[in-house]
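**Q** Spelled out, the chains give:
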Amino acid sequence: MANAQKSETNNHRLLKSNNSSSKKNEGRGKFLVFTSAVIVIIATIAITVFLGYKGIRTFFVYDVSLWNFLTTTGWDGTENSGAFAFIFGSFAVTFLAALFAAPLGIGSAIFMTEIAKKWGQKFLQPVIEILVGIPSVVYGLIGVTVIVPLIRNHVGGLGFSLLAGMIVVGVMILPTITSISADAIKAIPSDIKDASYGLGATRWQTIYKVIIPAALPSLMTAIVLGMARAFGEALAVQMVIGNVKGLPESLLDSAATLTSIITLDMPHTTYGSVHNSLLWSLGLILLIMSYVFIIIIRFVSSRRKI
Amino acid sequence: MDNHTYNVENLNLWYGNNQALYEIKMDIPENEVTAIIGPSGCGKSTFLKTLNRMVEMVPGVKLSGDINYYGNNIFRSGYHPEELRTKVGMVFQHPNPFPKSIYENVAFGAKIQGIRKKSVLDEMVEKSLKQAAIWDEVKDRLNSNAMGLSGGQQQRVCIARAIATQPDVILMDEPTSALDPISTLRVEELIQELKEHYTIIIVTHNMQQASRVSDRTAFFLNGELVEYDNTDRIFSNPQDRRTEDYISGKFG
Ligand SMILES: Nc1ncnc2c1ncn2[C@@H]1O[C@H](COP(=O)(O)OP(=O)(O)OP(=O)(O)O)[C@@H](O)[C@H]1O
Ligand SMILES: [Mg+2]
Chain A
5 MANAQKSETN NHRLLKSNNS SSKKNEGRGK FLVFTSAVIV IIATIAITVF
55 LGYKGIRTFF VYDVSLWNFL TTTGWDGTEN SGAFAFIFGS FAVTFLAALF
105 AAPLGIGSAI FMTEIAKKWG QKFLQPVIEI LVGIPSVVYG LIGVTVIVPL
155 IRNHVGGLGF SLLAGMIVVG VMILPTITSI SADAIKAIPS DIKDASYGLG
205 ATRWQTIYKV IIPAALPSLM TAIVLGMARA FGEALAVQMV IGNVKGLPES
255 LLDSAATLTS IITLDMPHTT YGSVHNSLLW SLGLILLIMS YVFIIIIRFV
305 SSRRKI
Chain B
484 MDNHTYNVEN LNLWYGNNQA LYEIKMDIPE NEVTAIIGPS GCGKSTFLKT
534 LNRMVEMVPG VKLSGDINYY GNNIFRSGYH PEELRTKVGM VFQHPNPFPK
584 SIYENVAFGA KIQGIRKKSV LDEMVEKSLK QAAIWDEVKD RLNSNAMGLS
634 GGQQQRVCIA RAIATQPDVI LMDEPTSALD PISTLRVEEL IQELKEHYTI
684 IIVTHNMQQA SRVSDRTAFF LNGELVEYDN TDRIFSNPQD RRTEDYISGK
734 FG
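Residue numbers (our numbering), protein chains in the order written: chain A, 5 to 310; chain B, 484 to 735.
Same shape as in the complex, but just chain A (with noise of 0.2 Å):
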């Protein structure tokens, strides 16, 4: 059906193809998108070189030993500075937070589209969406109303900390996976479930030994975008984790993440200080890190079976 509309749409074209006016829009098109792509190239080249550019200026104009920037804490804006409380912050938040949101997600995908398919499709699936579309400081608001006050006053400590960041960014996360999850569950081929129930398996069997599996590498694909999402989530984190410069001992600790600092420290610094080269730094990092996701998402969903 839809290629015979598109083999009509060609012979339109083909009948149509003398006409020079048609002929010149063709080519204004063509002109159009290629430069479109041409445009969004140069762009990413451009960021990733200006970054790199000024990332690594610490490193050779200001005399920051690599090996010190990366594994040491104590951040005072000198030469002296170790940036790792904050990487481990970003990496703590973004793997808690996955651990957090990645059952519930997939758990929820499977709800909405094996379990309850009616109900999944007509509420949840429209809730979900809408989730997807919140802008993250609403997410960050809502964090310090109500998880900080929560964490303080029946877990410990301040509130703020990164077990409030786990959990804002966690939540935050959690449509992003939901809906991901729930696509590549629904595109699992409804043949190879009659064959598990053919051969008398439960619905829970099915899910757990047909579909999972079937739908692994796209299920680790909506996680790792989770992730990415995560790491470069900036103004939510930033409102709830406290924003303390220390490696945290523990998850009622306050923390601080690359995005959070360079986001706090930006205003301080003046241009071309060794401070403000320092949060460059960070910021390469973070691309370096939203490339390798990008690297992780490609080589997952190479290895997808269906």
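These are computed hints drawn from the structure, not numbers from a lab.
Keep in mind that a hint or two might mislead.
[Unchecked claim] Below 30 Å or equal to it, Euclidean Cα-Cα: the simulated DSSO-like pairs (lysine-lysine) are:
no.: 1; chain 1: B; residue 1: Lys570; chain 2: A; residue 2: Lys213
no.: 2; chain 1: A; residue 1: Lys190; chain 2: B; residue 2: Lys601
no.: 3; chain 1: A; residue 1: Lys213; chain 2: B; residue 2: Lys601
no.: 4; chain 1: A; residue 1: Lys126; chain 2: B; residue 2: Lys594
no.: 5; chain 1: A; residue 1: Lys121; chain 2: B; residue 2: Lys594
no.: 6; chain 1: A; residue 1: Lys213; chain 2: B; residue 2: Lys610
[Said to hold, decoys possible] Every beta carbon over 12 Å from chain A, so not counted as near; a handful from chain B, in silico:
no.: 7; residue: Pro512
no.: 8; residue: Asn713
no.: 9; residue: Arg725
All residues carry an ideal CB built from backbone N, CA and C; glycine is no exception.
Here the structure of chain A is known, so what remains is to put chain B with the ligands in place on it, guided by the hints.
**A** Coordinates of chain B with the ligands only, in the frame set by chain A:
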């Protein structure tokens, strides 16, 4: 050979408000091949899927009547469809291996039932693949993905998968319709070998296939069982005019 695997009594089935089966009454003998023929949409697949209760997974299905499986009513409350399906295997129209290794495909049913012992599984996988006449082609690549096999090979792996749980019955819904003539021939030969151990019920659109492989043939039309008799008789001397018309290709 008077034993019956199934006694179907006054079976009616509705998809929502559309009735798809009317008062089906049919005794299916043990260790024979029963073919089900009839024009498209007459209820063949529906009937086949009631025999292992897969049809109940379609939302809005209603049933009345009885199906006795070795004397037990399969609709009796407390009779688990999963339990029935371990004894009644099914082979589908399109080969549908899991995206897993050949070994895992064949071992699936046994693992579902909690069999974990490697030596038991190994033996069962080999035996089933041999019975399905595909062992020689795949014995060196048991750990490679079953999706990488040809359609005919996949279908025989699916047959091996269905017989690995040692069912009593194998239901086949147009098992060769997606296969080339040579693969079809192999599956037909296989059916002949399998009927020694299994009751086989096969839906087919292919008259020659029905007459080649089956002992008994049932002709369905518009959800009714028109005629059910020995295959020889159905094809040489049908009692009902509609059967004769269908077999001679006047409609369908
Ligand atoms: N899932 C379903 N929901 C609603 N109606 C259905 C469903 N499956 C089948 N039917 C209807 O039930 C009737 C019998 O269908 P069935 O699939 O059993 O026919 P069939 O004899 O197997 O046909 P074919 O030879 O084309 O496979 C048809 O009228 C069909 O439209
Ligand atoms: Mg059918």
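**Q** For each hint, tell me whether it holds in the structure or not.
**A** Okay, the hints, checked on the actual structure:
1. Lys570(B) <-> Lys213(A): Given that 30 Å is the threshold and the Cα spacing comes to 20 Å, the pair holds.
2. Lys190(A) <-> Lys601(B): violated (33 Å)
3. Lys213(A) <-> Lys601(B): holds (18 Å)
4. Lys126(A) <-> Lys594(B): Between Lys126(A) and Lys594(B) the Cα gap is close to 36 Å, so the pair fails against 30 Å, i.e. violated.
5. Lys121(A) <-> Lys594(B): holds (28 Å)
6. Lys213(A) <-> Lys610(B): OK: Lys213(A) and Lys610(B) at ~23 Å, within 30 Å.
7. Pro512: holds (23 Å)
8. Asn713: For Asn713(B), whose nearest Cβ neighbour in chain A is about 29 Å away, the distance exceeds 12 Å, so it holds.
9. Arg725: Consistent with the label, Arg725(B) stays out of reach of chain A, its closest Cβ about 31 Å off (over 12 Å).
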